[in-house]
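*Asks:* The listed protein sequences derive, respectively, from chains A and B.
Mapped onto the numbering used here, the consecutive letters of the first sequence carry residue numbers 1 to 194.
Mapped onto the numbering used here, the consecutive letters of the second sequence carry residue numbers 1 to 229.
Hints are computed from structural coordinates only; laboratory data are not their basis.
Any given hint could be a false lead.
Derived list of chain B stretches under chain A, where covered just means 3 residues or more per stretch with a C-beta under 8 angstroms from a C-beta of chain A [to be verified]: (1) 4-13; (2) 74-87.
In silico lysine to aspartate or glutamate, DMTMM-like type, Cα no more than 20 angstroms apart, as pairs [said to hold, decoys possible]: (3) B:K81 - B:D102; (4) B:K76 - B:E66; (5) B:K172 - B:E182; (6) B:K81 - B:D134; (7) A:K120 - B:E5; (8) B:K34 - A:E95; (9) B:K34 - A:E83; (10) B:K81 - B:D135; (11) B:K81 - B:E55; (12) A:K65 - B:E38; (13) B:K172 - B:D135; (14) B:K82 - B:D122.
Computed, partial: chain A to chain B, Cβ under 7 angstroms [to be verified]: (15) R67; (16) S70; (17) V73.
For every residue, glycine included, the Cβ atom is placed at its ideal position computed from N, Cα and C.
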Amino acid sequence: MKQWTNFSKGFFKENPVFILLLGLCPALGVTSSAINGLGMGLATTFVLVMANMVVSLIKGFIPEKVRIPSFIVVIATFVTIVEMTMQAYAPALFEALGLFIPLIVVNCLVLGRAEAFASKNNLVSSVVDGAGMGLGFAMALTMLGGVRELFGSGQLFGFVLFPEEYGMLVFVLAPGAFIGLGYLIAVLNRLTKA
Amino acid sequence: MAKRESTLPNMVITLVIITAVAGGSLGLIYQLTKTPIEMSAEERQQAAIQLVVPEFDNDPAEEMYELTSDEGFILKVFPAKKDGELVGAAIETRSHMGFSGDIIIMVGLTPDGTVIDYQVLDHRETPGLGTKMDDWFKPSDKDGSQEGRLLDPLFGISAGDEGGDSRSVIGKNPGDTDMLVEQDGGAIDAITAATITSRAFLHAIEVAYRTYLDRDDAASGATDSGDWE
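Only chain B is shown next, with the shape it has when bound in the complex (with noise of 0.2 angstroms):
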């Protein structure tokens, strides 16, 4: 096959017929998985609801409700109630502090703002630091990689008895516990290698914490504040 001539007009024509076709292609793969990718993220912040509240039998996506924190975030709170009780709240929320980009969680508050559970949704941290966040600060038992050691027997350790309970934020309230890292002179174990990611998440979770509460409050004396609607 005789290679085509690098004229001007056949370069042009070349490179416009590969780049139409490349993307014509990608357009009709975007349409094809729009759908799909828009419902697996929908899954996974129902499956991520269910994993951070106490069991509901309302549908906390159709109550969502949107606030502003202080930073300009704006937090996603999905309420959960069981027999038209508030039993706690999902709360979508967000750090800009991370490594690289925002780190978005899911996390469950009480009504009196004590974290139930959370899910880490999206980050963009460094692969093998920061992603431990998705089970670093839940208590020790929970984490799959802290227990059942092959070797353990063999350095007379047992499992999973270091750490423990100064990393985890589990059932504790971001009110009477400094949710900052030891090295910010709070109460929680950075991750290794990772304070800056720790830093972000605690910060998310104080957001969190925060917003949720002051809604309490704004709601109490909501009746001047009905033109912010």
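The shape of chain A in the complex, shown without the other chains (with noise of 0.2 angstroms):
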């Protein structure tokens, strides 16, 4: 029961994007298209998942003072894995996502995570949160994405609803992710707090 509510806080009551405002410039910079946020997502997860085990491995061993340094090797060493595999096993979705996979390493979610949750509880809580964390990570990224798609160039996940012509391109540039971001922000807030 802990670990449920460990894991389903990353959903809505401290949803990284929605709730903390963590991690906004891959989520303000990759969401041009839900299929983006929705791989970014996933790769964040991973990587949210595999640094919090680590850290929460080595968290006695690391002296209070580097472990900042220590935490962003771990973090870093993880994004190139991820990089290198995905390069080699799946290169379509490399082909889609290879320009944001760097920019994990610098995703003060993950950094986040592993210094305020991971270097003080224990190996399980610690995947759960990174697990829970990572796919509310994904969720807002995929709705972002998905509502700059639709009202940026009339798609869904690639499906076309209505013309290109008639949709706002201002979505698909940068000022649309605020502007989204800012009203998804406030309809779930309208609709938890109700």
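With the hints as a guide, bring both chains together as one complex.
*Replies:* Have a look at this one:
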């Protein structure tokens, strides 16, 4: 039961994008379509789970003052592993996401969870926390990507719903990310705090 | 578990161990994935060649040769032959004029330089804008995003009747069509909100055309340029 709360908090109560407002650089940058958002979210989830796992295992071994550099090295290692493995075994996916993978290193969500959660909790809780937060992040990115894709180019997951000329180009561009995110947060706040 | 003291030796030892383990595991993964990565790159190259030239029965990768463009780019030329006769060439061309980084395109040209088809191999353009060049410059009936719109009847227009030809580069010869975006006085519609990418894309095709046809001139008068080899 405790682990379930631990897992589910990432979706609404402590959603990284909508509530904690963490990791906004990739959230705003890559969400020009739903599929980009989903791919980025899942890749981040993997890194988050692995980094949380390793950090919680080695937490007793790391002196307080060098913990941040240590965590960064762990995270960067997993990101590079994801990048190389994806390039080797899923070239099609890599083609679509390759540009974004190195960005995961600088996602403060990953470092934030390592520092705020994994370095203080045991292995199981850390892995569960990583999975919950990661999937919550993926969900938020997919929603934001879906909204931008729908309004910007009239498509959803690549299925054409209305002609592109009727779309609002601003949603595909950077300002659309901010506008879309703002309205999504407003809607979610209305729904959860009603 | 008690935290270890933050003394200098402790910190140095910890960081050395962590970076050594990280470096070691990355080296291992690199070794493991090196061959598959090279293979998939080669497969993509093969697939791109087959897509951009007419049917052939030779091995273009085997007969590949390199040309240097005026800009100093090294272009790889994969000649496609059917029954010993040249039917076209797939040319790996590039442009440095993109929004960020080089754009690398495999473009198929007939022997007289008409564009048969193209495939974007590598780029660092803006996702959602510049990335549209994958399909943008092809005729609209080949472009998946231009057909089968669910709500088309609602808006009273038929699928893909706009743009179409003025966007496409396929079947056009850079020798008699201005391979420039409309803003520069050319004949090709640029990608909406990605004019720089469009410019670079057309530049890459123009480089391939110019260099490839120059090669023919050079080859006909090649007797005195043997020392270039």
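*Asks:* Hint by hint, note whether the structure agrees.
*Replies:* Evaluation of the provided hints:
1. Only when three residues or more bring their CB closer than 8 angstroms to a CB of chain A does the claim for the region 4-13 of chain B stand; here the count is 6, and the claim holds.
2. For a cut-off of 8 angstroms, the count of residues in the region 74-87 of chain B with a CB near a CB of chain A stands at 0, and the three-residue condition is violated.
3. For the given pair, K81 of chain B sits about 29 angstroms from D102 of chain B by alpha-carbon distance, which is inconsistent with the 20 angstroms threshold.
4. For the proposed pair K76 of chain B and E66 of chain B, the alpha carbon gap of about 5 angstroms is at most 20 angstroms, so the pair holds.
5. Only pairs whose Cα atoms come within 20 angstroms are accepted, and K172 of chain B paired with E182 of chain B is accepted, the gap being roughly 16 angstroms.
6. Restraint check for K81 of chain B and D134 of chain B: not satisfied, since their Cα atoms lie roughly 26 angstroms apart, outside the 20 angstroms limit.
7. For the proposed pair K120 of chain A and E5 of chain B, the alpha carbon gap of about 17 angstroms is at most 20 angstroms, so the pair holds.
8. As the CA atoms of K34 of chain B and E95 of chain A are separated by approximately 17 angstroms, the hinted pair is consistent with the 20 angstroms bound.
9. For the suggested pair K34 of chain B and E83 of chain A, the alpha carbons sit about 12 angstroms apart, so the restraint of at most 20 angstroms is met.
10. Distance restraint check for K81 of chain B and D135 of chain B: the Cα-Cα separation of roughly 27 angstroms exceeds the 20 angstroms cut-off, and the hinted pair is therefore not satisfied.
11. For the suggested pair K81 of chain B and E55 of chain B, the alpha carbons sit about 8 angstroms apart, so the restraint of at most 20 angstroms is met.
12. Proposed proximity of K65 of chain A and E38 of chain B is contradicted: the alpha carbons are some 41 angstroms apart, above 20 angstroms.
13. Our distance criterion of 20 angstroms between C-alpha atoms is met by K172 of chain B and D135 of chain B, whose separation comes to about 16 angstroms.
14. About 29 angstroms separates the Cα atoms of K82 of chain B and D122 of chain B, which puts this hinted pair outside 20 angstroms; it is violated.
15. Below 7 angstroms, beta-carbon pairs count as interface contacts, and R67 of chain A has none with chain B, the closest being about 9 angstroms; its hint is therefore violated.
16. Of the supplied interface hints, the one on S70 of chain A holds, with its beta-carbon coming within about 5 angstroms of a beta-carbon of chain B, less than 7 angstroms.
17. Taking 7 angstroms as the C-beta contact cut-off toward chain B, the hint placing V73 of chain A at the interface holds, the least distance being around 5 angstroms.
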